[in-house]
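Please work from the sequences and hints to get the whole structure.
The lines below spell out each chain.
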Amino acid sequence: MLLLAGAVPVEYLPLITGKIELTEKGVKIEGHDLDINRGFEAMATSAYLTCKQFGVEVPHALVAGDIGKRDGSEKVYEHLAANLPTMGVAVLTMHYIMPDLHRNKRVVKTVQEMGDKKPFLIADAGSMYVAKTGKDSLHYDIFTPDLGEVAFLADEQADHPTYTRGFIFHMEDDVPELIRRAYDAGNCPKTIFVKGSTDFICQDGVILEKISEPKIETMEPIGGTGDLITGMISGMVHAGLDPAEACIIAGLANRKAGELSQPSPATQVQEILKYIPEALQIVTANRG
Amino acid sequence: MKWFKKKDKKKEESKEEKKPTRGLLIFSHAATVISVEEVLKDEGYEIRVVSPPPKYRTGCDLSVEIPLSEESVICGILEKIGLAPIDVMPITGKGMEPLRFIRSKDFGDYLMVRAANMKMTVDKRTKVIVNISGGGCPDVPHLATMMLGKRLRDAPNPGDVGFSLCAYSLNHAREEIIRMIGD
Numbered sequence: 000m001l002l003l004a005g006a007v008p009v010e011y012l013p014l015i016t017g018k019i020e021l022t023e024k025g026v027k028i029e030g031h032d033l034d035i036n037r038g039f040e041a042m043a044t045s046a047y048l049t050c051k052q053f054g055v056e057v058p059h060a061l062v063a064g065d066i067g068k069r070d071g072s073e074k075v076y077e078h079l080a081a082n083l084p085t086m087g088v089a090v091l092t093m094h095y096i097m098p099d100l101h102r103n104k105r106v107v108k109t110v111q112e113m114g115d116k117k118p119f120l121i122a123d124a125g126s127m128y129v130a131k132t133g134k135d136s137l138h139y140d141i142f143t144p145d146l147g148e149v150a151f152l153a154d155e156q157a158d159h160p161t162y163t164r165g166f167i168f169h170m171e172d173d174v175p176e177l178i179r180r181a182y183d184a185g186n187c188p189k190t191i192f193v194k195g196s197t198d199f200i201c202q203d204g205v206i207l208e209k210i211s212e213p214k215i216e217t218m219e220p221i222g223g224t225g226d227l228i229t230g231m232i233s234g235m236v237h238a239g240l241d242p243a244e245a246c247i248i249a250g251l252a253n254r255k256a257g258e259l260s261q262p263s264p265a266t267q268v269q270e271i272l273k274y275i276p277e278a279l280q281i282v283t284a285n286r287g
Numbered sequence: 000m001k002w003f004k005k006k007d008k009k010k011e012e013s014k015e016e017k018k019p020t021r022g023l024l025i026f027s028h029a030a031t032v033i034s035v036e037e038v039l040k041d042e043g044y045e046i047r048v049v050s051p052p053p054k055y056r057t058g059c060d061l062s063v064e065i066p067l068s069e070e071s072v073i074c075g076i077l078e079k080i081g082l083a084p085i086d087v088m089p090i091t092g093k094g095m096e097p098l099r100f101i102r103s104k105d106f107g108d109y110l111m112v113r114a115a116n117m118k119m120t121v122d123k124r125t126k127v128i129v130n131i132s133g134g135g136c137p138d139v140p141h142l143a144t145m146m147l148g149k150r151l152r153d154a155p156n157p158g159d160v161g162f163s164l165c166a167y168s169l170n171h172a173r174e175e176i177i178r179m180i181g182d
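If you read the protein sequences in the order shown, they are chains G and B. Under numbering that gives the first Met the number 0, read the first sequence as residues 0 to 287, first letter to last. Under numbering that gives the first Met the number 0, read the second sequence as residues 0 to 182, first letter to last.
The hints are simulated quantities; they were obtained by calculation from the structure and are not laboratory data. Every value quoted in this text rests on a predicted model; they were computed, and no experiment measured them. Treat the hints with caution; some may be incorrect.
[To be verified] Computed spacing ranges between beta-carbons, pair by pair:
| id | chain 1 | residue 1 | chain 2 | residue 2 | range |
| --- | --- | --- | --- | --- | --- |
| 1 | B | 152 | G | 20 | 37 to 45 Å |
| 2 | B | 88 | G | 165 | 22 to 30 Å |
| 3 | G | 84 | B | 27 | 28 to 36 Å |
| 4 | B | 20 | G | 169 | 28 to 36 Å |
| 5 | B | 81 | G | 211 | 46 to 54 Å |
| 6 | B | 152 | G | 273 | 28 to 36 Å |
| 7 | G | 183 | B | 88 | 28 to 36 Å |
Glycine is no exception: its CB is placed at the ideal position from the N, C-alpha and C atoms.
So, in structure tokens, the structure goes:
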């Protein structure tokens with residue numbers, strides 16, 4: 000099972016878990032409709048479409064409402080720490096969540112205790128922040144940082160991207176150096192996908208692929224495009240693709256979907272999401 | 000004997016130097032600091048926004064460094080407006096300061112401003128917020144829902160509806176856009 004875990008910006012939504020459905024209103028989980036906004040819902044929709052495209056079971060979700068007050072995030076951490084071994088999860092993607100060092104450490108401990116049955120762990124957004132700050136990055140399998148976030152991973156002292164020291168943040172024009180520092184500091188899992196005007200796919204500190212075409216400048220302001228990448232990677236890893244190959248296809252397909260949607264800086268991520276199936280089809284066909 | 004006396008004096012001086020003169024105000028949510036910072040700066044206090052000490056860290060935190068001598072007056076001001084800290088502690092070391100990184104990108108009719116890891120984009124013609132991206136805390140999509148489609152002057156302040164460091168950075172982006180093109 001592919002399980003997508005995180006918080007959604009719906010106040011008082013209880014902890015819910017179940018198979019994801021996609022309706023006209025958006026993502027539906029256990030009878031609750033969630034808008035296709037940015038964040039978790041965009042990632043979940045992208046993962047759902049990818050699973051459909053590759054003919055594998057659609058993802059399950061574990062979410063709770065949280066507008067930043069920590070209540071929902073705490074429920075997600077607690078549930079995972081207590082129940083993960085019995086949930087039959089093969090791939091776990093953790094996404095938007097309030098960083099909580101102590102609770103996340105309990106989730107990581109549970110994962111470690113699962114031995115061979117440990118799920119493949121993907122983290123983005125708040126889940127990636129808390130993994131790095133807790134010095135637990137090596138227990139994960141894929142991170143999907145953007146440029147600011149890879150600078151955060153490269154700064155061994157920062158607790159959050161907002162605390163990245165200026166001299167490191169200003170290295171953004173030298174992404175390979177940031178990647179080197181992030182791996183050397185032990186703050187990266189085996190595979191990372193660095194999202195930027197050029198995407199970098201890396202494994203064990205080595206840059207395997209750089210993707211910079213087609214260049215769609217107007218995608219940068221659009222909230223949620225990074226979430227689409229994380230969702231596609233999750234779906235393809237669940238479908239059995241090699242993690243690096245899943246990252247490369249996701250990077251190419253994201254740009255292709257952008258090209259097909261012809262966005263302006265005011266375009267919303269839903270417009271790009273519509274083109275994910277077509278983009279995946281084109282990219283996978285081109286790669287044979 | 001003289002030598003010993005000299006040493007004692009140095010010790011005294013060193014103790015004096017280490018005596019905390021600054022204090023930290025600790026809050027439940029990082030974004031509360033946006034309002035606190037504004038209020039205390041308006042009152043003329045010399046403050047710094049910094050990371051709290053390890054025992055208060057959850058992974059998304061901010062605190063306010065104040066002159067310890069002003070603690071009771073400052074706490075009184077904050078209490079009156081419902082922004083009382085959850086704790087106050089004396090400090091000797093320096094906390095890390097949040098990144099003050101602002102960069103803008105012009106897309107013709109649209110202006111994108113990035114502050115640390117957060118980006119806000121507005122339509123320059125209407126001053127309407129059209130996109131918010133970046134960040135990783137769940138209040139980011141919540142903030143987007145509250146702010147998108149609204150003119151800068153009508154959109155809520157991220158400090159009023161957000162709770163995280165991402166909200167704190169987003170507020171800097173908003174302030175910079177207003178400084179550049181008005182609201």
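Checklist line | Numbers of unmet hints, in rising order | finding: Going through the list in order, the structure violates no hint and respects every one.
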